[in-house]
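Since the structure of chain A is already known, use the hints to place chain B on it.
Chains A and B, in that order, are what the protein sequence lines are.
Its first residue numbered 4, the first sequence is counted upward by one per residue in this note's numbering.
Its first residue numbered 66, the second sequence is counted upward by one per residue in this note's numbering.
The set of hints was computed from the structure by calculation and includes no laboratory data.
Any given hint could be a false lead.
Claimed, not checked - Cross-link-like lysine to any residue pairs, in silico, SDA-like; alpha carbons within 25 Å at most: (1) K107/B x E14/A; (2) K188/B x L198/B; (3) K6/A x G177/B; (4) K188/B x I67/A; (5) K114/B x G83/B.
What the hints assert, rightly or not - Just a sample of chain A residues kept apart from chain B, beta carbon distances all over 10 Å, derived: (6) S5; (7) K6; (8) R9; (9) L31; (10) Y72; (11) A83; (12) L141; (13) I144; (14) T201; (15) M224; (16) I229; (17) G230; (18) A233.
Using N, Cα and C, we set each Cβ at its ideal position, and we do this for glycine too.
What follows is the residue order along each chain.
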Amino acid sequence: MSKRLRDAFFEVAGPVLPVALVVVILQLLVVRVPGELFIRFGIGVVLVIVGLFLFLVGVRMGLIPVGEYVGAHLPERVPAWLLVVVVLILGFVATVAEPDVRVLSDVVDSVSSGWLGASALILIIGAGLGAALAGAVLRQIIGTPIALIFGVGYAIVLVLFPFVSPEFIAIALDSGATTTGPLTVPLIMAIGLGVARTIGKRNSLGDGFGLVGIASLGPVMVLTIIGLFA
Amino acid sequence: MDEQSISTLLLHTLSESGQALGPLVAVLALVFLIFFRDVPRKSLWTMVKGMIVAALGLTIFLMGVRIGFIPYAKEMGSRLVTERSAPVLIIAGFVIGLTATLAEPAVRILAGQVDRFSSGYLKERTIIFTIALGVAVSVALNMARIRYGIPLFYIVGPGYLLAVALVAFSHSSFTALAFDAGGVATGPMAVTFVMSLAIGAASGMGRDPATEGLGLVALVALAPIISMLLLGLAYKPPWRRERHES
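Isolated chain A (complex conformation) (with noise of 0.2 Å):
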C-alpha cells in the first residue's frame, strides 16, 4: 500500500473504530439494542469505512489536484469579479457533492415536520456556502478584518433567532456545521490560499485561515433569514 493510500485509510478508520469499540463496550455493559441492530452497525462500520476510504481516495486522486491548480493560477488569468462569480460557482457545486451535507439533510428531512425536504436544502445550504465563500474572497481583495465579519456575522444572526422558530435555528446552526466536511475543506483552503498568495501582501495566516469559518456562516445567515418567512 502507498503511503497516499495508507493516511486515507487511517484518516478514515481513525474516528470510526475508537467510537465503534465504545459503542461495543456501551452495547454490552449499559443498553441491549436488538442483535439485528447491533449486526447491521457493524456492517454499516465496514461500509461506511469503506466508502469513506474510496470517496477520499477518489477525490485526492482527480479533485484537490485541480481545486489547488484553479485556486493557484485562476486570480492571475481573470478579472476579480470574475474570479468571485467562478468561487460562488464553485463552492455550490462542492457543497453539493458534501458527503455530510446529504447525511444531515436526509436527517433533518426524515424528522422535520415542515415543507424543506432533502434536495431543498442541499441546494440552500449550497447556495448559501458559495455566496459566503465570494464575500470571503470579496474580503480579502478588499482587506476587511476578520473579526469585523465574524462579529457582525453572528451578530445578526443571534438578532434574528428569537423570530425564528426554535426548529429552524437548530437546521440553520446544524447546516452551518456541516459544510465543512472533507470534500469541501481542502478546496475551499486551496482557493483561499491561492487567492491570498496572489492578492495578499499581508499577514497571511489571518488571511488563508478563517476562510472555513466564513463559509459556515453562510448557510446559517440564508437559513435564518428563511426561517423568519417559514
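Chain B only, in chain A's frame:
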C-alpha cells in the same frame, strides 16, 4: 431488511451519488476548458477517473450510514434515555464526543499547523486536548439538554455571545484558528452517529425530534471555538512573532 429493499436503496443511492458529484465535475471541466486551454487533457481525464472512484465511495458510505449507523444509533439513543438514568446518558455522550475527536485526523492536522505557526509555543497535544474537551462537553451538554428539555437557543445564544465577546479580546490570527477548530471538529462521526443518537434520545423522551434532536452538530462546532479562544487568552500574546496590522 429484505434483499429487494436493499437493491432499491442501492440504485437510489447510486443515482444520488452521480447527481452529487456530476455538477462539480462539470463546473471544474468548464473552468479548465475556458481558462486553462494550455493544460493537457490528460489531467482532465485523471479528474474524471478520480470522480468515478469518489462516486462509488460516496454510494457505499451512504449505504452504510442508512442501513447501519442511523437505525442503530436512534435505537440506542432512545433506549439510553428510557432504560438508564440521566448521568449514564450524559457520561456516554461525553465519552463518545471525546473519543471521536481525539482520533479525528483533521483535528490533529490543524493542531500540528498551530504548533508550527506558533513555533512550538502552543503544543500540538494542548490544542488536540482543548478541542476534544470542547466537543466532549458539548455532546454531554446536548444530552442533558434533551433529557431536561432545555431549548437549544438557551445554550447556543449565550455560547455565541461568549464567543463574540472573546473575539474582542483575542488576536485576529487566533480568532481565525479558533473558528477553523469549530469546523474540523464536526467530522463524519458527529453528523452520522452522534446526531442520530441525539435524535433517538429526543424521541425516547417523547419530545419532538426536530426541535429537540437537531442542534447537536451546531453545539459540537461551537464548543471548540470557545475552548480555543479561552486557551488563546491563557497564552498571552505575542504567541506568534508577526506584524500587527490586520
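Consistency of the hints with the structure:
1. Under the criterion of a C-alpha separation no larger than 25 Å, the hint pairing K107/B with E14/A is inconsistent with the structure, at around 28 Å.
2. A threshold of 25 Å between alpha carbons decides the hint, and for K188/B with L198/B the separation of about 15 Å falls inside it, so the pair holds.
3. A hinted pair counts as satisfied when its Cα atoms are at most 25 Å apart, and K6/A with G177/B qualifies at roughly 19 Å.
4. A distance of roughly 29 Å separates the Cα atoms of K188/B and I67/A; the hinted pair therefore is violated under the 25 Å criterion.
5. Of the supplied pair hints, the one linking K114/B and G83/B holds, its CA atoms being roughly 13 Å apart against a limit of 25 Å.
6. Interface exclusion of S5/A from chain B stands, the closest Cβ pair being 15 Å apart, more than 10 Å.
7. For K6/A, the non-interface assignment is confirmed: its Cβ lies about 14 Å from the closest Cβ of chain B, beyond the 10 Å cut-off.
8. Listed as a non-interface residue, R9/A keeps its Cβ farther than 10 Å from every Cβ of chain B; the least gap is roughly 12 Å.
9. Distance check for L31/A against chain B: the nearest CB is about 12 Å away, which clears 10 Å, and the non-interface claim stands.
10. Against chain B, the non-interface label of Y72/A is violated: not every CB pair exceeds 10 Å, the least being about 8 Å.
11. The beta carbon of A83/A is kept farther than 10 Å from every beta carbon of chain B, the shortest such distance being approximately 14 Å.
12. The beta carbon of L141/A sits about 16 Å from the closest Cβ of chain B, which is more than 10 Å, so the claim that it is off the interface holds.
13. Every CB of chain B is more than 10 Å from the CB of I144/A (nearest about 14 Å), matching its label as outside the interface.
14. At the 10 Å boundary, the C-beta of T201/A stays outside the reach of chain B, the nearest C-beta of that chain being 14 Å off.
15. No beta-carbon of chain B comes within 10 Å of the beta-carbon of M224/A; the shortest separation is about 13 Å.
16. Listed as a non-interface residue, I229/A keeps its Cβ farther than 10 Å from every Cβ of chain B; the least gap is roughly 15 Å.
17. Non-interface call for G230/A relative to chain B: holds, since the shortest CB-CB distance, roughly 12 Å, exceeds 10 Å.
18. Here A233/A stays apart from chain B, with its beta-carbon at least about 12 Å from theirs, past the 10 Å limit.
This entry does not satisfy hints 1, 4 and 10, going by the numbered hints stated previously.
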